[in-house]
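4 protein chains.
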Amino acid sequence: MAGSTFGTLFKITTWGESHGAGLGVVIDGCPAGLPLCEEDIQRFLDRRKPGQSAYATQRKESDTAHIMSGVFEGRTTGTPISVLINNEDQHSGDYSDIALVYRPGHADYTYDAKYGFRDYRGGGRSSARETAARVAAGAVAVKLLEQLGITICAYSQCIGGNGIDYERFDIKERDRNPFAMPDAEAAAAVEADAIAAKSNLDSLGGIIECVISNMPAGIGEPVFDKLDANLAKAILSIGAVKGFEIGDGFMVAKLKGSENNDEFYMDNGKIKKRTNHSGGVLGGMSDGGDIVFRAAVKPTPSIASLQKTVTRDGDDTSIAVKGRHDPIIVPRAVVVVEAMAACTVADLLLQNLGARVENIRKIYER
Amino acid sequence: MAGSTFGTLFKITTWGESHGAGLGVVIDGCPAGLPLCEEDIQRFLDRRKPGQSAYATQRKESDTAHIMSGVFEGRTTGTPISVLINNEDQHSGDYSDIALVYRPGHADYTYDAKYGFRDYRGGGRSSARETAARVAAGAVAVKLLEQLGITICAYSQCIGGNGIDYERFDIKERDRNPFAMPDAEAAAAVEADAIAAKSNLDSLGGIIECVISNMPAGIGEPVFDKLDANLAKAILSIGAVKGFEIGDGFMVAKLKGSENNDEFYMDNGKIKKRTNHSGGVLGGMSDGGDIVFRAAVKPTPSIASLQKTVTRDGDDTSIAVKGRHDPIIVPRAVVVVEAMAACTVADLLLQNLGARVENIRKIYER
Amino acid sequence: MAGSTFGTLFKITTWGESHGAGLGVVIDGCPAGLPLCEEDIQRFLDRRKPGQSAYATQRKESDTAHIMSGVFEGRTTGTPISVLINNEDQHSGDYSDIALVYRPGHADYTYDAKYGFRDYRGGGRSSARETAARVAAGAVAVKLLEQLGITICAYSQCIGGNGIDYERFDIKERDRNPFAMPDAEAAAAVEADAIAAKSNLDSLGGIIECVISNMPAGIGEPVFDKLDANLAKAILSIGAVKGFEIGDGFMVAKLKGSENNDEFYMDNGKIKKRTNHSGGVLGGMSDGGDIVFRAAVKPTPSIASLQKTVTRDGDDTSIAVKGRHDPIIVPRAVVVVEAMAACTVADLLLQNLGARVENIRKIYER
Amino acid sequence: MAGSTFGTLFKITTWGESHGAGLGVVIDGCPAGLPLCEEDIQRFLDRRKPGQSAYATQRKESDTAHIMSGVFEGRTTGTPISVLINNEDQHSGDYSDIALVYRPGHADYTYDAKYGFRDYRGGGRSSARETAARVAAGAVAVKLLEQLGITICAYSQCIGGNGIDYERFDIKERDRNPFAMPDAEAAAAVEADAIAAKSNLDSLGGIIECVISNMPAGIGEPVFDKLDANLAKAILSIGAVKGFEIGDGFMVAKLKGSENNDEFYMDNGKIKKRTNHSGGVLGGMSDGGDIVFRAAVKPTPSIASLQKTVTRDGDDTSIAVKGRHDPIIVPRAVVVVEAMAACTVADLLLQNLGARVENIRKIYER
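These protein sequences, in sequence, are chains A, B, C and D. Counting from 1, one number per residue, gives the positions in the first sequence under the working numbering. Counting from 1, one number per residue, gives the positions in the second sequence under the working numbering. Counting from 1, one number per residue, gives the positions in the third sequence under the working numbering. Counting from 1, one number per residue, gives the positions in the fourth sequence under the working numbering.
In case anyone wonders, no lab produced these hints; they're calculated from the structure. Do not rely on the hints blindly, as some may be mistaken.
[As the list claims (entries may be wrong)] Ranges of calculated distance between the beta carbons of each label pair, as one might list FRET restraints:
no.	chain 1	residue 1	chain 2	residue 2	range
1	D	64	A	37	40 to 50 Å
2	B	365	C	171	20 to 30 Å
3	D	275	C	313	20 to 30 Å
4	B	153	C	171	52 to 62 Å
5	C	169	D	272	41 to 51 Å
[Claimed, not checked] Computed, partial: chain D to chain C, Cβ under 7 Å:
no.	residue
6	153
7	223
8	243
9	254
[Said to hold, decoys possible] So these bits of chain C aren't anywhere near chain B, every CB distance computed over 12 Å:
no.	residue
10	112
11	161
12	258
13	358
Model, not experiment: these values are computed from the prediction. Glycine is no exception: its CB is placed at the ideal position from the N, C-alpha and C atoms.
All chains should be modelled from the sequences, with the hints used to inform the complete structure.
Written out as C-alpha cells, the structure is:
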C-alpha cells in the first residue's frame, strides 16, 4: 500500500493529487553542504511546466517550488528537504464526467479495483501532474551529481515514428522546438504528424533517450540493485512508459557475442572501451562508458475521439475525453526521465561509498 | 553495498559464488500453511540445470535443493525458508587465466573497479550460476500464486533473429526443443544458426516473452512500486538482460492513442478489455488482462574467438575465453524470468492486502 | 543519512525545522476508506501544543494541521496523506547565541560533528518541535486502530521522583492537571517540585507509561521486527527518551521464572492470562493481554542556570540557555508516545495480514 | 511476515529452527577487503555455545561455523557472506509434549495465534538457539569495527538481584566465572542463588551492560534511526530482553537537568565531556563518549516446576517443562548483546559515510 518512496539512501517521497491543494516531495538523505536554492529547482520545473506549446496541455500552472526545510544559508543541512508546489489552476468541473466512467488507457478502473474508490478529479494521484514532484527531487540529485562532474541529458529520440538522425544531432536544438528533439528536421516531421493527430482528435507516442556521462566505474549493486535494474524501475515508474532498454537493448536479439561485446584498451593508463554496446553497464555496474538508455512512451490515452468503455457501475457506455491534455506527452516527459535517472544514480553513488574497507577508513581516520 | 535482497514482504536474499562451496537463498515472508517440498523446488531447478543440451554449458551440476528451514510436516511455517544448493563440479583451474585479464562483455572489470579485487573463479558472484538461487525462490513464489489460480509462463520468443510464429504457438513444444521455443519450426531455424555460431566460436542473443494469467485487478503500488516498474527491475536484474517492455512496448513509438488504448466492455457482469495493448497494466496496477512482457537477452559474452582486452594491471592483451559456456543463454534464462516474475507478483499481492480498511477488518474480525 | 522515515507498510516521513517555514509528515500506506478530517488530527496536536501551562514553553503556535493530499470526500484514498503545519511564532533572534556555543545535553555538537554545520535556530531539526509531525501521523494511525477496536492510552507515571498511586488511578484526571498524571495527589506533589525547579533555573525528568488495549494476538514479526523491539525503537527515537521497558521491565533482574511467567487459562472458550508480567508480548508477538510499556524521559537540557561548555571553534566557555523552554518535557511527550505506539502497531497489523495462506485466499477469493 | 532481516547497509538475514537441519545467516553489505576466516566467527560462537557450565543447557552442539560464500583468499569480497551452522544434537523427542501444550512465558501460543501452527520441536524458530546466527553476524561486524579502533564489551551487571561492584570491576574475571560477571564476589553470590534456584526448579533473570568505546562523534541518523533507537530495537529483538536503557536510563526520572547534563570542555584541542550521563548519545548521534547501555533479561521461562496452562485445543492443563534448559540465560546472552550492538553500529557507520558532500568528493575524486 505504500509505494510513494523511491531510493535507499537518497530517498524521495512524493505526495499530491492533480486537483488537490498541491503536491510535493520530501528528499531525505541528501548530503549536507550542497549549495541549493529554489531557482535550482525552478529551472527544472519550468522544463516540465504545462501550457508552453500548442502540443501540451493548456492548464496554467506556475509550478512554483517552495523549499520548506533542509536548507540553511544556501546549503543543504543533511535533514529532509521538503519541496511544496501549490496547485493553482484546477478546473475540477471538467472532470465530473469521469467520476463514473472509466477512460480507456487510464488508471481510473485500476484505482477503483484496488482502493474501492478514487479522487477522480483530473485523474487524482495517477495524473501526469504527479511527475512535478519527481522533477523537483531530480533537480536536487542533479546538483549533487554536478559535484562529481556527472551530467545527465535526455531528449526525444523518436515521436510518432519520426526518429532523429544522429548526423544532425544538436543538443541545443532540443530546447528550441516543442518536441525536445535534438534534430530540427525530425522535429519538423513530428510537427506535421502532430497537427494531423490533433485534428483527428488523436495522440502520438515516442521514445526518449538519456545519456549519463562521466560516471565513475563500479557504481551499482550486485545482484538485485544493479544500476540498469534500478534505472529500469525508475523509468517504468513514470506514468506512460512501456519499455526500457540499455545499450544495444532489444537489438541484441539479432546480434552475435562478437558483435555485442565491447573490447577494452588502455588509453594513457586508463581502461577504456572501443565501443559501447553495453550502454555503460557490465554486470549491473557502471563500466566507465556513457550510460545510454531509452524509454518507450505511449501515446496520451486522453483523446477527444469517441471510445467505447464501461461505467463504474457496470454498464457499457462511450466517452470522448474532455479536459486539457497533451496530445504528445513525450516532450514534457524528457525532464522527468532525467530526474528519475539522477535520483537513481545519486542513490547508488551513496550506496557504493562503503564498498571497500579502505574507503571507510579514509572517512573515519582520526 | 548490499543488493542481494529483493522484495518488501516476500523477501528473498541470495548468496553464493560459481566456484565456492555452494549457493542458496533465504525466503523470508512466505505465508504459513503453504504445501512445500524439495521436489517442488527441484522441478524448477531442473529446467535451469546445466549440461542438458549441446547448446548449454557442459558443467555437470545436479543442482540439488536442500530445504534447511521454514518447512514443517510438509507446510511452510511462516519463518524463513533457507534453500541450499551445493556446488559439485567446480573446475576452478579453467579460470586461472581470467584472474588477471578482463573478459569483454563480462563483469570482471566492474567488480574490480568497485571492490578492488574479486573471486575470479568462474566469474564468482557474477556467474549465471547465481540465478539458481533465484529459481529456487521463484518455485516457492509459484506455489503461492497457484493458491490464487495465478499462472506464469515464459518461453523464447526469438533467438538470433528467428522469432516464433504465433499461429504455430504450442506451449508443449517449448519443453521438447533445446531452445525453449513454443514453435518447432522456429526452433529448427535457431538450431541451424546455433550450429553455425558454435563453429564460428560465437554466440546468439534473443528475446524471452512471459505471460502472467488470471491476475486479480488492482495489484501494484502507485507511484514508484508499480507492477511494471517492479517487474522491470526484477527482469533487468538478471545477468544478461538489456531490455524490458510490456504490452505494445517499444512499438508505442509508432502508435496513436486510438490504436494503443484498450476499450473496456461488460462481459457477464465483469469488466473486460477487448484488446491488451497495455500488457495487463494500467497506471502501474494490473487491469485484469494477462500481464505480457518481454526481456531482451544478450548473446553470451564468453566466446572462444580471440578478443582484444586489457589486464588487471593495465596492459593491452587479448583473450579467447575458455571454460564451459552456453553459446545461447536464452533457453536456460526462461525459467529465471518466470522465477523473478513470480517473486515480484507474490510480493505485490502481499503488499496489496491492506489496500482497503474493509480488508483489514475482514482479517481481524473477532 | 536518511532516517526521517519510519515503518514498512504504514510508512511516515517527517520533515521540518523549529524555525523554518513549517513542518510536516507524509503518511504513505494508510488503507483506503478510513474516515479522516483535519479535526481528527487537530485534536491530537492540541494535546502537544506549546503554551498551555506555566510548565511548558511559552512559544505561541496554533499548530494548525492542513491535509494537503490523500483524503477525498472525508475518506482516505490510499494515496499519501501529506499534513502541513506552518511555523508561526519563530523568535530566531533568541537563539543567535547558540550558533557558536554547544548547549550541554543538546544535539548542537553532534549535528556539527555529523554534518559540518547546522541550522542552529531553535535547535533546528533536533528541536522537540519535530514531534508535532509525529503526532499528526499518530492521529491517523489511531483512527485506523479504532476501526479494529484497539485503543492506546499514555500518561505520566512519575515526574521528578513523584510516582502515581495506582489505587488512585483516574484517567480523566490526566487531562485536568498540567502534568498529564492520572492521579491528582501525585500531580500536586509534582507541582511543588516543578515550582522549585523553575525558581532554581532547573528542570525535571520522568516516566511515561502507555497501555495498548484490545490487541489481537500474534501481532509482531519474529525475529528482528518483534512488536516490543519496534516499539522500543519508536519510543527511543523520541528526543529525550533514555529508556524503554515492557511488562516487568528492569524488575525482571530480581524475579524468578515462577514469578515472571504468566499462567494461561481458558475463559469462555478464549485463551487468557492470569497475570501480565510479559506486558502483552511473548516471543515478540502480542499475547492477547494489554501491551504495557514505559519510557524514561530526561529532564529538559535547556536550563537557565550557568553551565560550562565549549564553542564551535574550540574554546572553553559557559552558557545560560535562554529562549522559551519546557521546564518539564514529560507531559507534552505523553501524546508523542501514544502517536509513535500507534504508528508502530498500525504498521505491524498491516505486515501481519499475509501471515497465513488462508488470509490471502480470503482477500483474493473471486 | 518478514522480519528476519536487520540493517539497511550492513544487512543480516537469519534463518533456522532449533531442531531443523541447521541455522545460519547471510551478511550482505560487508565492505570488501576485510580479513575474515572461520576462526574469527568461531571465537564468538564458542562464547555462546551450550553445555559449558552447570547453569546452561546441557545440549551438546559444536556450533561449527562454515563460511559458504563472500570470502576469497582470506578477505571479504563485498558479496554476501553466508554462514552455516549445522544442528547436531537435536533431541526432538523431548519436546513432543509441548506440541499440544502452551508453555507459560514462551512463544508457543503466539506463534500459533499468528501462523495457525508451528514447528514445536525445541521451540522452533523462537528458541534461543536462533541467536547463534546473530552471533556469527556480530563476529563479522566486530572485525569491521576493529578496523576503525571501535571495541564493544558486554558483561552481566546483575543476576538475581546481585549486582557487580564497579570498584571491583575486572573484565578478565568475566571470562573466568560461569555468569560472565566482571566481579568475582558478585559471581559467587550469584552462584549461591543459582544453586538454590536450580534445586527449586526455578530460574533467574538479570541485567547485561554493554560499553562501546572509541566511537567517532556524529554516528546515528536523525530522526527515527537514532543510534540509541536502533540499539534499543536490536537489543529488544533478542528473545528474553524486557528493557533497554542508555546512560542514566530510568534514573533520569529522579534527576534534574543540572544533574543529567554533561558539560563539554576542551582537552588538547578535542571536545570532551566531563561526565557521561548521556551514555554517549546526544540527539540520537554519538557524542564522542563511551556508548553505555543496559538490557534487562527475564528469567528463563522453561522451569521444571508445575505451572498451570492450556492446551492448543483449548483445555486447562498444567506442565512441568522438560528438556535441557539454561536456568540462567543471562551469561550466554552477553555475547549476543555484543553481536547485535556491533551490527547496529556497523550499519550506522556505513549510513553515515555520505553525510557530507565533502566526504563523497573524497571517495570519488579522480
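Verification of the hints:
1. About 59 Å separates the C-beta atoms of residue 64 of chain D and residue 37 of chain A, a value inconsistent with the hinted range of 40 to 50 Å.
2. Taking the beta carbon of each, residue 365 of chain B and residue 171 of chain C are about 28 Å apart, inside 20 to 30 Å as hinted.
3. Checked against the given bound of 20 to 30 Å, the beta carbons of residue 275 of chain D and residue 313 of chain C, roughly 23 Å apart, stay inside it.
4. A hinted range of 52 to 62 Å for the beta carbons of residue 153 of chain B and residue 171 of chain C is consistent with their spacing of about 59 Å.
5. For residue 169 of chain C paired with residue 272 of chain D, a C-beta distance near 45 Å keeps the hint of 41 to 51 Å intact.
6. Because the closest C-beta pair between residue 153 of chain D and chain C is about 20 Å apart, greater than 7 Å, the hint is violated.
7. Because the smallest distance between the Cβ of residue 223 of chain D and any Cβ of chain C comes to about 5 Å, under 7 Å, the interface hint for this residue holds.
8. About 3 Å separates the beta-carbon of residue 243 of chain D from the nearest beta-carbon of chain C, less than 7 Å, and the hint is met.
9. Given the 7 Å rule on beta carbons, the hint for residue 254 of chain D holds: about 4 Å separates it from the nearest Cβ of chain C.
10. Here residue 112 of chain C stays apart from chain B, with its beta-carbon at least about 27 Å from theirs, past the 12 Å limit.
11. No Cβ of chain B comes within 12 Å of the Cβ of residue 161 of chain C; the nearest lies about 41 Å off, and the non-interface call holds.
12. Annotated as non-interface, residue 258 of chain C keeps its C-beta farther than 12 Å from every C-beta of chain B; the closest such distance is 29 Å.
13. The beta carbon of residue 358 of chain C sits about 6 Å from the closest Cβ of chain B, which is not more than 12 Å, so the claim that it is off the interface is violated.
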